[in-house]
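Chains as they are written, first to last, in this note's numbering: chain U, 1 to 333; chain P, 1 to 259.
Bear in mind the hints are in silico, worked out from the structure with no lab data behind them.
Accuracy of the hints is not assured; some may be wrong.
Claimed, not checked - Derived pair list, reagent style BS3-like, types lysine-lysine, alpha-carbon separation capped at 25 Å: (1) P:63 to P:121; (2) P:177 to P:120; (3) P:177 to P:56; (4) P:56 to U:121; (5) P:121 to P:56; (6) P:177 to U:121.
Said to hold, decoys possible - Chain P side only, calculated, beta carbon under 8 Å to chain U, not exhaustive: (7) 87; (8) 94; (9) 170; (10) 174; (11) 218; (12) 244; (13) 259.
Where is the CB? At the ideal position from N, CA and C, for every residue including glycine.
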Amino acid sequence: MSAAILSLSLGLSLGLSLGVSPEPAPVTEPPPSTSPAPAPAPSPEVAGEGPAGESLPLEPLPAPEPPAPTVEVEVALEAPATAPAPAPAAQEGPPFYSPEDEAALRLRYGLDPAPPAAARKARWRCLVADPTCSFNVEINATSAYAYRVQQGSPVDSSSLYRWSSARSQYDVWINLPGAVETHGGFRYTRLTVGPKGGVIVSDSKTIWGNVGLAMRYWFGRGRWAPALEVSSALTYRLTTADYVNGDGQLSTRRSPVGVTADIGVGLGGFGALIFGVQYDSPLAREDITEAARVFPSGMFFVGLRGNIVWGAPAALAIGTTALSQQVEAPARP
Amino acid sequence: MTAPTSTTGFSSSGPAPAEATAQGEGSSGPPPEYGPFYEPEAPSDTWAPSDPPRTKPPLLSLKGGAFCFIEDAACRSALIVSADVGVGFNGVAGDRGVDVPLTQWSARGGFTLRPVTLLKKRWHPWSVGVVGGFVRSSGAIASTSSTVGSSNPDLLDVSYTNGARFGLLNQVWLSEKRHALHLDFTLGVVRSTVLTSEERYFGTHVDVALGVGGWGALFLAGDFLDKDARIAFGFRGHGVVAGPVAAMVLLGLLAGGAL
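Only chain U is shown next, with the shape it has when bound in the complex (with noise of 0.2 Å):
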């Protein structure tokens, strides 16, 4: 093949200096071998000499050839005696970047030049918020100090009521990842956002549940991280003493919505001390039956927020609730 393409280049090479059509063979006759042949050597013809010695009429030669055919020429004929350049190495897949590749884009990028090859797991398998987990689920348990306010009762409508009482909350919430941090191949959660909802409980066996969200930004990447927790819910009223149609049963209760939210500080997960408020939105409608009314009612909040995994915060929260029905309520919930 190589050698068709070097008579083909000399072909052209000649008869363009010989100034005739490059169509005619004799004058671009190949030679035999596939060896390359000097560039100068002419044809017979040209050479202007007969096999037997003869001279042969002649047309005159004419102007030199431009440069370029013979250039050509030159690199058609010089190629082939070069070695040819070692094939490239073919790639076997990804990743298509070397070492050295990877440590400049590190270095542009301002990244830790020595990516850790381990990482810290959690424990209990994320059941237990922790910066190393992109999603995990908790049962987290309140036990809180609550200074609760109502306004109006049946006879009084006028009237404040405040009294001292006891809070406690049983709320799962579901992390899902918001922000997150790479440190090599890792991906470490930086702040977690997502739905939550479970129940309140306080004095006069009032329950309230609650749907919302809740999140918890990391300050850290340790198993025992701060972290500050922020939830906010939409809250109604589903059982309280009866204290109009019995003697104070648990019945099952309508409300209006209200709202509630509180923000913490905590450890990895673990715990968090946690301020908080509630308000409860009153149902005060003439057209409604006197015991079916709601008056505007709240609280505030200070108490430990944790999960309930390792224990605590669940014993907790079950003696607050127990604890909460010992207190006596100045105003009909």
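Dock chain P against the given chain U, drawing on the hints supplied.
Frame of chain U; chain P shown alone:
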């Protein structure tokens, strides 16, 4: 070309990225599509150190996801056990009462399976099942007779309303990832008392939910009966997490003498 399978169940309708690359080297066609939906995570992604391996079967599952006690994207059939609390609206049509807020709690159970996944031997987002449950709602404020023209209608404050629900559940899983989001649509019947009547009637039950794996969901549920509509929004938790919550509450109330 048959889709490859994985240890966590069935893979997506297309080959996995690494396999697609290997197959694409010898073929002249374009590589298979790769996108965010219905696909597992890219192999080049970073990984949370405490997360389970990608190939690990779903939590509390049998035979690599053939049956799961907690729903997950890689399950071919799953158990449903959940409890929820919600708040909403009790609308009384006509002249038999007034519209009031509504609160409720309910528990439900059921079973789902993946027909296309089981038949085609590849992952598919559709899941279908049946669910049934019990719901206790706050009662209506209604009258036994018309309240039109009455300056002081005789309204009754119904203590509570119980209902039994049964429905067909359709799920669309939005991802193959572990703990994937999914949309749930339930359509069925509810049998419940209506307003002040003690008789039980049939009505329509509709439930729309956005779930996170099998762990929990935000839902909007409605029971529509004759002149009595109940719509509630709330949070639903799997029995694995709702059970301990209910147990702690009951234990605390019992210890405090509230029950």
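Please name the hints from earlier in the document that this structure breaks, with their numbers sorted from lowest to highest. 8, 9, 10
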